[in-house]
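Participant: Chain residues, written in single-letter form:
There are 2 protein chains.
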Amino acid sequence: MSAKERIGFIGTGIMGEPMARNLLKAGYDLCVFNRSREKLQGLLAAGAREGRSPTDVARQSDVVITIVTDTPDVDQVLFGTQGDDDGVASGAAAGTVVIDMSTIAPEATRRFAARLRQRGIDMLDAPVSGGDVGARQGTLTIMVGGEAEVVQRCLPILRVLGSRITHVGPSGAGQTVKLCNQILCAVNLVAVCEALAVAKQAGLDLATFLHVVTGGAANSWSLEHLGPKIAAGDLQPGFMVRLMQKDLAIALQAAKELRVPLPGTALAQQLLRGVEALEGQKLGTQAMILTFEKLGNFQMQEPPR
Amino acid sequence: MSAKERIGFIGTGIMGEPMARNLLKAGYDLCVFNRSREKLQGLLAAGAREGRSPTDVARQSDVVITIVTDTPDVDQVLFGTQGDDDGVASGAAAGTVVIDMSTIAPEATRRFAARLRQRGIDMLDAPVSGGDVGARQGTLTIMVGGEAEVVQRCLPILRVLGSRITHVGPSGAGQTVKLCNQILCAVNLVAVCEALAVAKQAGLDLATFLHVVTGGAANSWSLEHLGPKIAAGDLQPGFMVRLMQKDLAIALQAAKELRVPLPGTALAQQLLRGVEALEGQKLGTQAMILTFEKLGNFQMQEPPR
Numbered sequence: 001m002s003a004k005e006r007i008g009f010i011g012t013g014i015m016g017e018p019m020a021r022n023l024l025k026a027g028y029d030l031c032v033f034n035r036s037r038e039k040l041q042g043l044l045a046a047g048a049r050e051g052r053s054p055t056d057v058a059r060q061s062d063v064v065i066t067i068v069t070d071t072p073d074v075d076q077v078l079f080g081t082q083g084d085d086d087g088v089a090s091g092a093a094a095g096t097v098v099i100d101m102s103t104i105a106p107e108a109t110r111r112f113a114a115r116l117r118q119r120g121i122d123m124l125d126a127p128v129s130g131g132d133v134g135a136r137q138g139t140l141t142i143m144v145g146g147e148a149e150v151v152q153r154c155l156p157i158l159r160v161l162g163s164r165i166t167h168v169g170p171s172g173a174g175q176t177v178k179l180c181n182q183i184l185c186a187v188n189l190v191a192v193c194e195a196l197a198v199a200k201q202a203g204l205d206l207a208t209f210l211h212v213v214t215g216g217a218a219n220s221w222s223l224e225h226l227g228p229k230i231a232a233g234d235l236q237p238g239f240m241v242r243l244m245q246k247d248l249a250i251a252l253q254a255a256k257e258l259r260v261p262l263p264g265t266a267l268a269q270q271l272l273r274g275v276e277a278l279e280g281q282k283l284g285t286q287a288m289i290l291t292f293e294k295l296g297n298f299q300m301q302e303p304p305r
Numbered sequence: 001m002s003a004k005e006r007i008g009f010i011g012t013g014i015m016g017e018p019m020a021r022n023l024l025k026a027g028y029d030l031c032v033f034n035r036s037r038e039k040l041q042g043l044l045a046a047g048a049r050e051g052r053s054p055t056d057v058a059r060q061s062d063v064v065i066t067i068v069t070d071t072p073d074v075d076q077v078l079f080g081t082q083g084d085d086d087g088v089a090s091g092a093a094a095g096t097v098v099i100d101m102s103t104i105a106p107e108a109t110r111r112f113a114a115r116l117r118q119r120g121i122d123m124l125d126a127p128v129s130g131g132d133v134g135a136r137q138g139t140l141t142i143m144v145g146g147e148a149e150v151v152q153r154c155l156p157i158l159r160v161l162g163s164r165i166t167h168v169g170p171s172g173a174g175q176t177v178k179l180c181n182q183i184l185c186a187v188n189l190v191a192v193c194e195a196l197a198v199a200k201q202a203g204l205d206l207a208t209f210l211h212v213v214t215g216g217a218a219n220s221w222s223l224e225h226l227g228p229k230i231a232a233g234d235l236q237p238g239f240m241v242r243l244m245q246k247d248l249a250i251a252l253q254a255a256k257e258l259r260v261p262l263p264g265t266a267l268a269q270q271l272l273r274g275v276e277a278l279e280g281q282k283l284g285t286q287a288m289i290l291t292f293e294k295l296g297n298f299q300m301q302e303p304p305r
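Chains as they are written, first to last, in our numbering: chain A, 1 to 305; chain B, 1 to 305.
Be aware that one or more of the hints could be misleading.
No more than 16 angstroms apart at the CA atoms, straight line, and that leaves these computed lysine to aspartate or glutamate pairs for EDC-like [as the list claims (entries may be wrong)]: (1) K256/B with E293/A; (2) K282/B with D234/B; (3) K4/B with D62/B; (4) K229/A with E279/A; (5) K256/A with E293/B.
Just so you know, these hints were derived from the structure itself, not from any lab.
Working from the sequences, and respecting the hints, build out all of it.
Facilitator: What follows is the structure, given as structure tokens:
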């Protein structure tokens with residue numbers, strides 16, 4: 001492998017696009033593919049080449065990065081559409097590394113990795129947190145599962161994309177850590193909504209309230225960052241309800257396989273279901289407060305007159 | 001009122017004792033009372049005088065601080081035992097200030113304050129967080145409800161006891177903020193237990209796991225401080241299950257009066273009920289993990305051989 005690997009990049013959405021851009025800026029040769037071709041234009045203008053299919057991308061790459069939405073999307077990118085042989089696996093030479101940065105099921109990840117291994121292809125699961133801001137700034141947290149030697153080899157690439165990169169265990173471990181991360185975010189958000197609902201209905205000044213409770217043992221990232229948004233009625237994403245629901249479904253399935261009951265996570269999922277019932281799929285996760293407003297028949301913000 | 005008020009101090013338990021000691025060190029004249037007299041000995045040796053009853057304490061004080069366990073205890077200290085006229089109200093001259101630093105019901109607090117007001121006695125609710133460490137170091141967070149003028153007058157005393165003192169609103173508001181603080185702590189703890197249960201059962205290295213998830217949007221004070229204890233099997237208090245259950249019962253009652261449904265808080269309460277079933281009332285709140293161990297039929301720590 002040469003000093004600068006040729007990188008294939010599949011999935012140029014809100015996260016993938018700025019990540020691919022950072023790789024171009026770092027001087028990597030980039031071949032890109034996305035299901036919707038219009039999302040490629042910015043990257044092609046910035047110097048990326050376009051692949052005709054995942055297979056075509058893989059043929060021209062030493063390392064293929066995938067960042068798509070869900071488990072079936074990764075399946076299709078790696079192993080092709082039903083009946084069509086257009087996946088990464090068909091084009092990749094032995095020795096290629098696949099880095100899947102999507103958030104998908106740990107068990108499926110292990111299956112995909114084993115299938116690729118049979119063709120001499122190594123796979124890392126490397127899901128990220130840090131949002132589109134972290135993607136743009138190259139400051140993502142990256143949780144990596146896979147063999148230590150392969151992780152080592154890919155570190156220069158991962159360091160372009162993230163600032164906190166941790167090898168957390170074998171294949172699938174990256175995904176498991178990411179799911180636990182989402183469990184924490186979702187249940188912490190239940191805490192924030194319940195506390196703010198009581199504070200609001202008790203007539204407290206919410207800014208003073210948040211100042212006090214963020215100062216001690218009650219604090220969380222969610223309270224600090226989403227608490228003020230909820231108090232101000234700002235439900236713009238951050239991180240969308242739709243994607244959190246996808247992640248919680250995967251987490252609950254993974255926990256089912258491990259036979260770990262997760263009543264708090266299930267509650268968070270159901271409270272976000274209430275937001276879906278209000279067509280709030282594309283709102284930020286802090287829109288969970290809408291369910292509490294319905295349940296408690298109140299509003300955090302008086303409606304504008 | 002003279003430059004240094006004479007202070008009465010009622011309730012010299014794990015929190016009250018070190019707080020009273022800090023007032024003595026700051027040069028205040030202190031008259032102390034506690035139901036169990038043996039808990040007074042250290043303070044008497046350090047220069048405090050002993051009051052024979054709450055009434056007797058109030059007679060010798062310009063400001064009376066109370067810090068006892070629950071709403072009925074405050075009721076009794078202020079207004080006397082059934083049939084006996086031995087409460088603070090009987091001994092306090094008009095112009096006395098009562099600072100109640102217990103965690104009790106906001107609605108009862110407002111009732112107590114109104115009753116005292118009729119006798120010309122001012123009352124602040126000033127519950128604290130920060131634990132026995134904060135009490136010893138004088139670094140408690142103090143959430144104060146009451147009239148601004150009275151808060152102002154008591155600030156020099158409160159500053160001896162705490163480092164973050166916030167006037168959060170009228171009578172009862174301090175208690176409401178404290179209850180919301182406890183809601184946040186309890187529900188954040190559910191998040192920590194669920195994430196660690198999955199991480200453990202998935203075979204992750206828990207130290208690496210905690211290192212990663214404390215670094216981003218999943219973080220909370222509970223994750224940082226109780227996560228490592230749970231991973232290490234350390235269930236010593238910090239803050240006892242018994243006291244958290246008292247606080248959650250008050251929070252759920254206050255929320256009932258406000259008609260705010262709190263499904264996450266109720267879940268936390270029931271998960272701690274599981275710890276009570278194991279006689280874990282005096283363990284730290286992180287013992288909530290014991291309920292998950294029972295539910296999921298696993299152990300965070302292998303039992304010693």
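Participant: Decide, hint by hint, whether the structure agrees.
Facilitator: Taking the hints in turn, this is what the structure says about them:
Distance restraint check for K256/B and E293/A: the Cα-Cα separation of roughly 15 angstroms lies within the 16 angstroms cut-off, and the hinted pair is therefore satisfied. Among the hinted pairs, K282/B with D234/B is consistent with the structure: their alpha-carbon atoms are about 13 angstroms apart, no more than 16 angstroms. Taken as a hint, the K4/B and D62/B pair is honoured in the structure, with Cα atoms around 9 angstroms apart against an allowance of 16 angstroms. Taken as a hint, the K229/A and E279/A pair is broken in the structure, with Cα atoms around 19 angstroms apart against an allowance of 16 angstroms.
Among the hinted pairs, K256/A with E293/B is consistent with the structure: their alpha-carbon atoms are about 15 angstroms apart, no more than 16 angstroms.
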